[in-house]
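Each residue of the sequence shown is one higher than the one before, starting from 1 at the first, in our numbering.
These are calculated hints, taken from the structure and not from any lab test.
Be aware that a few hints might be false.
As the list claims (entries may be wrong) - Taking lysine to aspartate or glutamate pairs in the EDC-like style, the calculated list, with each CA pair at most 20 Å apart, reads:
(1) K72 to E51
(2) K7 to E42
(3) K29 to E51
(4) K5 to D17
(5) K5 to E51
(6) K29 to E68
(7) K29 to E13
(8) K7 to D17
As the list claims (entries may be wrong) - Label pairs and their in silico Cβ distance ranges:
(9) R45 to L86: 32 to 38 Å
(10) G83 to T52: 17 to 23 Å
(11) G37 to I3: 22 to 28 Å
(12) R45 to R4: 18 to 24 Å
(13) K5 to A66: 16 to 22 Å
(14) S10 to Y93: 40 to 46 Å
Idealized CB from N, CA, C, for every residue including glycine.
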Amino acid sequence: MLIRKLKPQSGQESVWDYPRPPRLEDSEKHIQVIFNGVTIAETRRSKRVLETSHPPVYYIPPQDIAMEFLRKSSGTSLCEWKGQALYYSISVYNVVSEQAGWFCFRMLAQVGPYRCLYHYHNQSGRNTMS
């Protein structure tokens, strides 16, 4: 099977142009995570990870998250670049999304003051970005 790379249109990016190893960059886009009608996180100071063949992933600093809606889940994962990830579930008004997000204690030195950053799976609620 022959795979053809499509040229991105104006204003688009190609995941095939993202670097390996991944690049971490600051983002001022408005990121909002809403679950069961409640805003779980909202920021304009996320970190965006760009890695070859993967869609961009946005990490949110913990001070921009309503931590009272998170509870630690079972399971961990390990990434050569981000380090160990621990998982969290979101619980709002007795509705739970298991392992809806994860956080990493360590990322590249580029992260700066963030000791842990959170990422949420898009299927866990209504996530918006502008």
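Hint check:
Among the hinted pairs, K72 with E51 is inconsistent with the structure: their alpha-carbon atoms are about 27 Å apart, more than 20 Å. This hinted pair does not check out: K7 and E42 have alpha carbons roughly 32 Å apart, beyond 20 Å. The straight-line distance between the Cα atoms of K29 and E51 is roughly 19 Å, inside the 20 Å bound, and the hint therefore holds. Under the criterion of a C-alpha separation no larger than 20 Å, the hint pairing K5 with D17 is consistent with the structure, at around 10 Å.
Simply put, K5 and E51 have alpha-carbon atoms about 16 Å apart, close enough for the 20 Å limit, and the pair holds. Note on K29 and E68: the hinted pairing is violated, with a Cα-Cα distance of about 24 Å set against a maximum of 20 Å. Using a Cα cut-off of 20 Å, the hinted pair K29 and E13 holds, with the two alpha carbons roughly 16 Å apart. Using a Cα cut-off of 20 Å, the hinted pair K7 and D17 holds, with the two alpha carbons roughly 10 Å apart.
As the Cβ distance of R45 to L86 is approximately 22 Å, the hint placing it in 32 to 38 Å is violated. A hinted range of 17 to 23 Å for the beta carbons of G83 and T52 is consistent with their spacing of about 19 Å. About 41 Å separates the C-beta atoms of G37 and I3, a value inconsistent with the hinted range of 22 to 28 Å. In this structure the hint that R45 and R4 lie 18 to 24 Å apart at CB is violated, the actual value being about 37 Å.
Taking the beta carbon of each, K5 and A66 are about 41 Å apart, not inside 16 to 22 Å as hinted. Distance hint for S10 and Y93: a CB-CB separation of about 43 Å, consistent with the stated range 40 to 46 Å.
Of the numbered hints stated above, those contradicted by the structure are hints 1, 2, 6, 9, 11, 12, 13, listed in ascending order.
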